[in-house]
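Q: Chains D and Z are the protein sequences, given in the same order.
Each step along the first sequence adds one to the number in my numbering, with nothing skipped, and position 386 is 394.
Each step along the second sequence adds one to the number in my numbering, with nothing skipped, and position 115 is 146.
One or more of the hints may lead you astray.
Calculated cross-link-like contacts (lysine-lysine; reagent style DSSO-like; alpha-carbon spacing at most 27 angstroms) [as the list claims (entries may be wrong)]: (1) K353(D) / K335(D); (2) K152(D) / K74(Z); (3) K70(D) / K229(D); (4) K180(D) / K229(D); (5) K91(Z) / K125(D); (6) K111(Z) / K288(D); (7) K91(Z) / K97(D); (8) K60(Z) / K152(D); (9) K405(D) / K230(D); (10) K71(Z) / K91(Z); (11) K111(Z) / K125(D); (12) K65(Z) / K91(Z); (13) K56(D) / K71(D); (14) K89(D) / K55(Z); (15) K405(D) / K334(D); (16) K97(D) / K55(Z); (17) K145(Z) / K97(D); (18) K97(D) / K65(Z); (19) K65(Z) / K125(D); (20) K97(D) / K71(Z); (21) K152(D) / K55(Z); (22) K70(D) / K180(D); (23) K271(D) / K229(D); (24) K125(D) / K156(Z); (25) K145(Z) / K152(D); (26) K91(Z) / K111(Z); (27) K89(D) / K60(Z); (28) K97(D) / K74(Z).
Residues from chain Z shown here face chain D by an in silico Cβ test under 7 angstroms; the list is partial [what the hints assert, rightly or not]: (29) V41; (30) M51; (31) Q59; (32) Y100; (33) A103; (34) P104.
Rather than coming from a laboratory, the hints here were simulated on the basis of the structure.
Just so you know, even glycine gets a beta-carbon here, dropped at the ideal spot from N, CA and C.
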Amino acid sequence: MELSNRYIIFILTAIGSISCIYFLCLLPALPIFVPVISSAGGLYFLYKWIVPNKSPDIYVQKKMTWVALFIFTMGLAILTKNALNAAEKHGGWDAWAIWNYHAHFLTSPQHWQQMFKSVENDHPDYPLLLPGINAFFLRLTTEKYHLLIPFVISIITTIAAPVLIFSEFVKKHLVVASLTLFLFAYNSFYVEIGMSQYADSLLGLFFLAAMICMDHALEHKKYIILSAMFLGCCIWTKNEGAILALIFFLFYADRFFASRYIKGTLIGLAIPLICFITFKLFVPVSNDLISGLGAGTWQMITDGSRYQIIYDHFIENLQAHFPYLKKAFYAYLILCVLRRKWPDKQMLVVLTCLAVYMSIYVVTRYTLEWHIITSQNRLMLQLMPAMVYALAIKFSKLRLSQPEQYSFKVV
Amino acid sequence: MKEGIIPILVLLSVLLATAMFNNKINSQKDDVDKMEQALKGAKAILPAGTNISFRNIPVKNEQQFWARYTLAPCYMAFTKHNFDTVLTICQRQLGDSVNNDLTRQQHTTLWSNKDDQYCYYLTTKPRTDGTK
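Using the sequences provided together with the hints, build the complete structure.
A: Written out as structure tokens, the structure is:
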């Protein structure tokens, strides 16, 4: 893996680890210096483990051109400028109504469980990765800087996904790498949701990171651990992250649960999963979608008009927010047909996640139209980074998942 | 060497954007700021973790979200619970009648405030067990 991506991966593990450590220290109401010292120690270990070692990949050993660096600088500048323009002082509606509101509770070790009472127009069952990391830094800073904390987390999230993909492909196919970077930079919906201080972009980023780490699994065993850890972070970020993680584990079960890797998988997954399970034991309310399943569910499943409504809105959202992605996907399919090949595993994972996401709407207990309008575009956004990555793999004519085409000698 | 520049550029852009965002928000005032400013006094006297009921005499729906966001980690119930401590927000022109109404109901006013649009009252209900 590229050095720059190892840094980004380190930052993402830092976000996940700090949130988990903070939450675990919150349970026995430990003073703030405990999570601070534990996090500092954890980050030092993670840095030493993730960043330094050299990759055997021959592409990584190639030098990056000045043209590539210039393109990257331009893309990053545009992305940052657009992100800054999109950022609102207190974030979007869900930021002050849910995510940052929960973070305020988590700043109080004695009273954070008051949050569970808040069931009116709120979702106290939402996992706490994002509120946890925000609360940790809120406690370390004065009130003057409180609005900067969620902003910094959101801009890191918004920038990290395109940088990860760009760095993955910059030495393999500069045109593809550049196109992906500018696609993100100019996608106003991606930037707007990324800067809204919601958890959707963070979930999408963890999912992408899990996928990229998996594609480097043969390079070093640690990438299996990291991939499992990022899937754990998906679960700890949003409830639907559990769906993404489950599908990913099923597709890559041969690697995750191979006798050589199973210990690493469990190590990577353990801490975020412990946080998630402990949290769910505390939460007195169950997930609104699961609790809504009941007698009328079968009737919903057999109602054809619901599928039509979901499909119509899906196409509408695709056209409104991801028009280039739609065209790129058709080109991808044509490429598959011409080459007489099935879509890559990464693409199949993304499409399965998309299909499962859409099927949730079939059995929703809410008014279907309202539920779709308020969330479908964000669910699609969660899968956007992984989808762009899967497309880039095809267009750069590399298939990292097939061992005979690895570009490095496995040591 | 150039590979190492990417994380440095990312770091620089995050730092620069944060500094610019800080400038941007310092010169901006939005509705959440207005609520924070209005409830500053109430927040100072409410211990963390207090349970509060919220009365919204017809003001826009978002007010209740901004109020609970501002006062967290106190818990604010909209309709679900009926706590002793009540935060009432009403439009400024209704301020006197709402205040009279609260007095008639024997509420004790802990704190009140006004801004150019709204009146804010933090009150406690009389105890039903006869104690003070």
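Q: Measure nothing beyond the straight line between the CA atoms of K152(D) and K55(Z); if it is 27 angstroms or shorter, mark the hint as holding.
A: 14 angstroms, holds
Q: Holds or violated: the hint that P104(Z) contacts chain D, with Cβ atoms closer than 7 angstroms.
A: Nearest chain D Cβ about 4 angstroms off; hint holds.
Q: Within a Cα-Cα threshold of 27 angstroms, do K65(Z) and K91(Z) meet the stated pairing?
A: 14 angstroms, holds
Q: Is K89(D) close enough to K60(Z), meaning Cα to Cα at most 27 angstroms?
A: 21 angstroms, holds
Q: Holds or violated: K91(Z) and K97(D), Cα atoms, limit 27 angstroms.
A: 20 angstroms, holds
Q: Are the Cα positions of K145(Z) and K97(D) separated by 27 angstroms at most?
A: Cα-Cα ~24 angstroms, so holds.
Q: Quick one, are K91(Z) and K111(Z) close enough, alpha carbons at most 27 angstroms?
A: OK: K91(Z) and K111(Z) at ~19 angstroms, within 27 angstroms.
Q: Keeping to a limit of 27 angstroms between CA atoms, is the pair of K271(D) and K229(D) held or broken?
A: Cα-Cα ~11 angstroms, so holds.
Q: Please verify whether K405(D) and K334(D) have alpha carbons no more than 27 angstroms apart.
A: 19 angstroms, holds
Q: CA of K97(D) to CA of K65(Z), is that 27 angstroms or under?
A: At roughly 13 angstroms apart (the allowed maximum being 27 angstroms), K65(Z) and K97(D) satisfy the hint.
Q: Keeping to a limit of 27 angstroms between CA atoms, is the pair of K89(D) and K55(Z) held or broken?
A: 13 angstroms, holds
Q: Holds or violated: is there a CB of chain D closer than 7 angstroms to the CB of M51(Z)?
A: 6 angstroms, holds
Hint check: no violations occur; every hint is consistent with the structure.
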